[in-house]
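**Q** Residue numbers (this note's numbering), protein chains in the order written: chain A, 1 to 302; chain B, 303 to 927.
Don't take each hint at face value.
[Unchecked claim] DSSO-like, lysine-lysine: derived pairs with alpha carbons at most 30 Å apart: (1) B/Lys430 x B/Lys384; (2) A/Lys284 x B/Lys430; (3) B/Lys546 x B/Lys563; (4) B/Lys479 x B/Lys430; (5) B/Lys546 x B/Lys583; (6) A/Lys58 x B/Lys316; (7) B/Lys479 x B/Lys495; (8) B/Lys322 x A/Lys58.
Note that these hints are calculated values from the structure, not bench results. On a predicted model such as this, the values are computed, not experimentally measured, just so you know.
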Amino acid sequence: MLICDEYLTPASLDEAFAAMERHRGRYRVVAGCTDTLPWAREGRAGDVEIPVLIDVTKIPELNERQIGDKRVRLGAATPIQRFLDDAALGRAMPAMPRCAVWFADDQIRAQATLGGNVVNASPAADATPCLEAHDAIVELASAKGSRSMPLREFITGPGKTQLAEDELVTGFECDALAGFGGSFEKVGHRRSLVISVVCLAVMVKLDRDGRTIEDTRLAIAGIRPVPRRLREIEDHLRGKRLTGELLEEAADMPLDLVQSRSRQEYRRDVVRGFLVRGLIAAAKRAGASPDALTQELEAAYG
Amino acid sequence: MVDVRLNATINGRKVSRDAKPHLRLLDFLRDDLNLTGNKEGCGAGECGTCSVFVDGVLMKSCLMPVAKAQGAQIDTIESLAKSGELSVLQKAFHKAGASQCGYCIPGMVMAATAALRANPFADREEIKERLGGNICRCTGYQKIFDAVELARDVQNGRVPATALLETDTADGEVIGKNVRRIDAPSKVSGRLKYAGDMTMPGMLHVQVLRSPHAHARIVSIDTSAALAIAGVESVITSADVPGKDGFGVFVHDQPIMARGKVRYVGEAIAAVAAEDALTAKRAVAAIKVVYEQLAPVFDPDEAMLQGAPVVHDYAPDNITKHIPIRVGDVEAGFAESDLVIEESYSTQAIEHAYLEPEAGLAYVDHDDVVTVVSPSQNITHHRHMLARIIDKPISKVRFIMSPVGGGFGGKEDMIYQGMLALLAMKAMRPVRLVYTREESIISTAKRHPSRTTLRMGVMRDGRIKALAMRMVCDGGAYGLSTEGVMRKAAILAAGPYNIPNVRIDTYGIYTNNTPSGAFRSFGALQTQFATESQLDIIAERLGLDPFEIRRINAMRDGATTHTKQTLGSVSLMRALDAAEQASGWEAGAPTVRGGTRGDLGHDDVRPSVTLGTRFAATGTQEAAE
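Using the sequences and the accompanying hints, generate a full structural model.
**A** As structure tokens, this is what we get:
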């Protein structure tokens, strides 16, 4: 049970910083609360008494969404469901709707926020590999000012980030990748409400004929302490002709990705299958030429 | 504590009132507004019994601090049939028989409402996806999906609205007919009150102190600090039991709270009744217990060894129950067999995971009748046991069975009703206890984990000549239903097969694990898992069709079982025929066909599990591609 004496909902960043200053050492910042409330239960943190909860979801800056040609800026309180409801956002971040449909369930993703998923820094977080594939920059602010850093520097380990005590994550700046095809592969014990055993974000951009990979982005999570961008695979694929052999070749690159404590062999099999399947799906959504990939390949990895 | 002044529109009415800042929206709706239609099944966002609309968007109210509802429009299950007329979806749930225990149904109806609002033409796969956040343990979901499809078709005019009301019955005939359940309207509307939904004036809230140790002597319990807390009315321990303490379905070996020692992690030690649950929680934390650790035993085979820690003094060998069955001459049967196969099997503990966690309400009425309202699956037995425990004549003890939000055997044990009765007697006020999901899992019975060694002798033509089985079950810390489970496991171990020579031994063993108890099939699963698996293995070895080896050995009408029961009619042959047909089974031994089997890869074989049907349905992303 999460017990508090006061629940504050600041309407602006200044109000939030003032509350954080006033209750220094006695507060916890919350957003969607979909991780915090289950955390404060028996078997995990148990009954937790936190004098003040500061809910940042009503701060306007944290709910912004700007889509430019090059970059997308999203407030930290963006609910995951927005990636399914906002078609323009889905076009600029093509793997994100696919990720969102696998994220918790229809109801929780209406509450859960992008910022919460990142600050929580679970190795199995679903949204972080997508953000990583977009070269996301994390925007941080405190009463003293603001700073930013790449997501890959921000998350330092399971549950660990560079967030300072008096700081808030205000938003993310991501590459706009309109024109890419996106896919998201995830496996767990069931479909909904499941923690990823492996999850993979894939985006592919093809030439006009749908035969050559112009650009690609891949990032994986659930198999190591922090998400990992797969730049070696991206480099291997970029500029090459789209064929089944190429995709299998990429999946077979000896990268030793799986660093999990359990089920390593299973995860290695899954990673290989996901790489090929994710690339096929993303390439198809990017407008792959119908004869570029064989039916047999699709059936084998379907 | 600074209250939240909440202004919101709830089910169409303006609400303006103060709420404690730590409340979740679910607590506020259920406890402060008495809107108990939406339930709490897990408190962790996993089950969906608490789903409500917040500004038209379905959310899990157990994951939402009440302050988040500021200014919002909240709609609960009560909003769907506000005038008393059920919505199309609710009628469809009634028609399709989609509600069984009913506890998941308010949330399920809400999720289905949200699904059809999001896509009025959603196909079955998309409906499944959109209901993915809601769990049901009774139906297997198919009737729920049937109901949503029916409602969809009625709403879209593809099926007339009269389809919601049609029944197969004519002239009051019901047997063998598809009838609508008479209890469904109360469930689909959320109006049915489960024990955790009930309140009484002056009611106190109960919390339980549980053992962190698997096996320890209780040196002392000091409740003085707990009693000193304002708002705490009563604290009880086993010292407060006036009569002969002990309950259980067969052997009354379990005190209503640990007496002298604890035998498993999660065992109740003391209980507190206070003005509110938070105060009761704080009082529980203030109870001081001094333990002296004892060596625990967690493995039933180890518990049977000489010198193992003894869980109950009355059973120095840790055997709760041994059931032996002897028919014919097993060794002679093996000797004449063409093939003898021995294998080992094990099954694990399983939690029932009914959607309704245990809950109960108790009070002493005006005639001094101690009354307990709870979803007990065995109230008459509980009544007799409780009368002895609280030393009252049976006429002064009453049990009322509240709607059972799923039981599956898990609510047969009087695991908390004794504490409620004692607290009601001590406080002379109504008391209510509502378990958390975690409490339900840690403290109540599980399916018996088992280890089985099975030896079977067969002739080349498939006839079984002899069966010898030894099964050891982990009964956990208390007897509960172990004796009955061992009995039924033994009775059904040899399956519905004519076997002339049989030797069966089932053992229920005390350990310091969570007690095992009743669970659907009551022991038959464990032994038949072994027997049926073994038949498949033997069919493979003999080159026989798995259906055929069962037909060869099947009991027929008039057969006599291994325990000398004569069977008037045996439906096994019909069941085998139906299973063979429904599975599309290709006759023959399961040995050689591999990937060439004709019964694989058909249209009715489910594809691999994925998500994302909605993309094709709505085109939200596809439009961009």
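**Q** Taking the numbered hints from earlier one at a time, note which ones the structure violates and give those numbers from smallest to largest.
**A** none
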